[in-house]
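Q: One letter stands for each residue in the lines below.
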Amino acid sequence: MDLRLIQNVLATRHELAQWQVTELRSRRLERYLTFLQPESEREASSVSWRIWLAQPAEDGKQGEASFIVTPAHGGPDLRALLDQAEASAKAAPNPAWRLPAPGDPGVSMSWRGGVVACQVGGGAATGAQMATASDFLADQVVTRDPARALDGAIAGFADAVRAAPWVRPSAIELFVRIEDRRLVNHRGLDLSERRTRCYAEFVLLHRPAGAADEQEFYDHVEAQTLADLQLSTRVADAAACLRDGAAATSPGAGRVPVLIGGEYLAGLLGWYAAHADAALHARHIAALSIDQPVVTRRDGDALQLASDATVPSLSAYRFDEHGYAASRQELIVDGVLACLHGSGRWMQVLERPPRGQLATLVAPPGLARLDDLRRGALEVVRFSEFHPRHDTGSFSGEIRFGWLHGLDGSRRAVRGGSVSGTLREAMADIRFSRETATVGGYCGPLTARMTATVAT
Amino acid sequence: MHSLTPALIQAVETLERLAPNASAYARRNSGTQVRVDSASVSCTPLAPEAGFTLSAWTGDRFLEVSCDDPSAEAVREQTHRLADRIRHAQVDWDRAIPPLDRLQQQDFQQPLERDPREVLATTKIAAARALRAAVLAAPLAREAVGMVGDIHAEIVYVDRTRRLWQQLHRVRQVCLGIFSQGEHQAQLHGGREAIGGWERLIDPDEVATEVVRDGPRILGAPRIPDPGEHHCVFDGHFAGIFAHEAFGHGTEQDLFLKDRARGADFLGQRVASDLVDMYDDPSNGWAASYFFDDEGTLAAPTVIVSQGILVAGLNDRHSQAELSRRGQIVPKTANGRRESYDHKPYTRMTNTYFGAGRSTTAELIRGVTRGYHLTHPSNGMEDPKGWGIQLEGSMAEEIVDGRLTGRVFSPVVVTGSVPRLLQSVDGVGCDVVEASLGTCGKGYKEWVKVTDGGPALRLRAVIA
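Protein chains in written order, with numbering that gives the first Met the number 0: chain A, 0 to 455; chain B, 0 to 463.
Keep in mind the hints are simulated off the structure, nothing from the lab.
Remember, predicted model here, so these are calculated numbers, not experimental data.
Cβ coordinates follow ideal geometry from the N, Cα and C atoms, glycine included.
A hint or two may mislead.
Said to hold, decoys possible - Just some of the chain A residues that point at chain B, by a computed CB distance under 7 angstroms:
(1) Ser65
(2) Pro70
(3) Ala86
(4) Ala91
(5) Ser169
(6) Ala170
(7) Glu215
(8) Ser383
(9) Ala454
Just chain A, same shape as in the assembly (with noise of 0.2 angstroms):
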């Protein structure tokens, strides 16, 4: 099975008006350590196809289907799926919309590059055609030897975990993947891009002095680069945690100021941006009205937020999932609903321009300094969990770990107990900090100011 086959038994299928593959090839390298010995390493290569198709529209409906193809599926399979997925077609009406051709407004250029030959030594993957090494998504580290740029990285986390003699490391799990996509359409479309994606876990344990038990700091993050996981800086933040916070204690309940910085922070705008999605203005399910405030200030920083897929992040990209190219859209202007993001067909259902799906979702720094933000504040640096609730927008989190400041710059450990508020409360006094940072598919503000309920 290969692209080729797939585009040409497509292209005599006449009784379909569109069709779209997306082919998505991928390495991934892995290894797992328990107390800094190996226990487990690994390698995985995979190359699927997604085919999308559809019908022509009557009435302003078109039965559309999509499914995934894989090495497994023989050309026999090819067309046996084809047949069911235009049986599934028929019976699935969908408003009608098209997918872009090449010189639409808002779509990719064609960007093939050059290409090279893909060194993924044996299984499905050996000689793909892979775009260059030049594309700004990816890590050339990992891309050029993702085996020696894992060993680097697990001697860094060695060096750091040294570097903090009163800990031990429990486990790291540290994992770089390859990624190569391109897509096609029956309109003449033909793009693709690499990216890499990188993940660690780690735990460090502790036994304060005196204590019966050890505590532990478990620390995951992800990110396009093994530079930007910051391990060392990770590390050594675990590891002040568990050394200034062996006594910790129940922070005391009520409302309080409380910061809330990075994966946390930005699941909170994460809200803002999933209820900007055509897909749910589409369905009139949005909590969110275009042209409305979105939040009621009271002394708080105005909300900002922007959909760019150029600002690099785990969600920047080159062009969306059916070819529109990366851009900077201002979703959310002086706390006012400003424009919608979303796929192609949704934009067109709602007859708006498409400008490509979510991307890094960006923020503006604030105007206070992060130890000005700290004064008088429960600091969370670890929840158990949190999010806001997708329908109201309210949040809970239990605080595994965090630092309760006082006016005069000291602090103190806190753990237990949980925060809880909704974010139309928060948002109203929400003060963003001047330091940024950037965390999974977010850029913006490294920590924020708001008032929550505390529970213990």
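Guided by the hints, dock chain B onto chain A, whose structure is given.
A: This is chain B only, laid out in the frame that chain A set:
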């Protein structure tokens, strides 16, 4: 996949000339997901996920290769590739993992009266539409999603003593209601999964009952006015997620190897009130059941907590062998599971639940002077080292003087210490229910199918 077995046997034999232990695992997933809402209809085959993994234990580490081409030629190619890696590794023949016993029965199949793969797309879409219609009958329902799915897995496991094959089948009905009034919006989902074929689908009105009943009730509901410790009654579903997060994750023995589970020091000790029994059982017929785990161990029940005493943990082959090597003899359980053919095996739960007690739910509620009845759990998070816990749900109904008042609060979060919560249990219901829609991650990845469940529990918990 069955036809791949000879090539996998050959691979294991080749690799065991170079390393103390080798095994092979192949899997092919298939199925369909149907989804209907107001703006779209889809009937989509699930990602095929077909492939195999060859695994070698060198005496100090596992070396594995995974490939998405389940052909004999690819197996041979990957065997050479893995063999080459073994030759470049240090091998310690004295640290072999003891082999499993030889088995008589090698092939297993879950029952399938009407194969969903032969059901027409129009029929599947009609089933999802009926589910959606059932939800839309609720007051204040603004939108509804109906989903119907079928999932099939064909699995081969080969090592020195076992050449196993199983076929697993299950069907799924899920509905989501989106309710709105004024500026308020609320979502609630419900559904079920069951082993078997199309014949296991049930009346869509029955699937949607709780969503239709409770969706409008949580719409605009405030959070509880008095966060803190309260007398609570968990319904069976809420008890289930509690079981899963408490001493499900807390007794995964791959965490014992990493000194990440406090439970390792509490085997044989009291961790709960003597009313509490807890089990993990991949053979009980619930939706996460199988005949053998992804390392060839036959499914069997594990008693985790008996009358409040922590009696056993869950393990995969490596953790059980390594604990034994360290002098901690623990019984082997069938909990070595992979997310898919190309993921590492970890110790994972299956069907995890509290055992039945003697009270009705009404009797448990009658015993509460002031408290809350917690239902519709949504997610949870474990902390096996610190024994903290977080459980979230969509609804808490007030109890005053032994009666539900009808005042509803949403959402609700439970936090606290696992043993403190378990030791506060002073009433256990008599009806065990299965919460069959679950999936479980190891940390934040490695998602596998699980279920949980239990009877209603009465206990004291910190809620907000």
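Q: Against each hint, give a clear statement of whether it holds in the structure.
A: Evaluation of the provided hints:
{"no.": "1", "hint": "Ser65", "result": "holds, 6 angstroms"}
{"no.": "2", "hint": "Pro70", "result": "holds, 4 angstroms"}
{"no.": "3", "hint": "Ala86", "result": "holds, 6 angstroms"}
{"no.": "4", "hint": "Ala91", "result": "holds, 4 angstroms"}
{"no.": "5", "hint": "Ser169", "result": "holds, 4 angstroms"}
{"no.": "6", "hint": "Ala170", "result": "holds, 5 angstroms"}
{"no.": "7", "hint": "Glu215", "result": "holds, 4 angstroms"}
{"no.": "8", "hint": "Ser383", "result": "holds, 4 angstroms"}
{"no.": "9", "hint": "Ala454", "result": "holds, 4 angstroms"}
The structure fails none of the hints (numbered hints given earlier).
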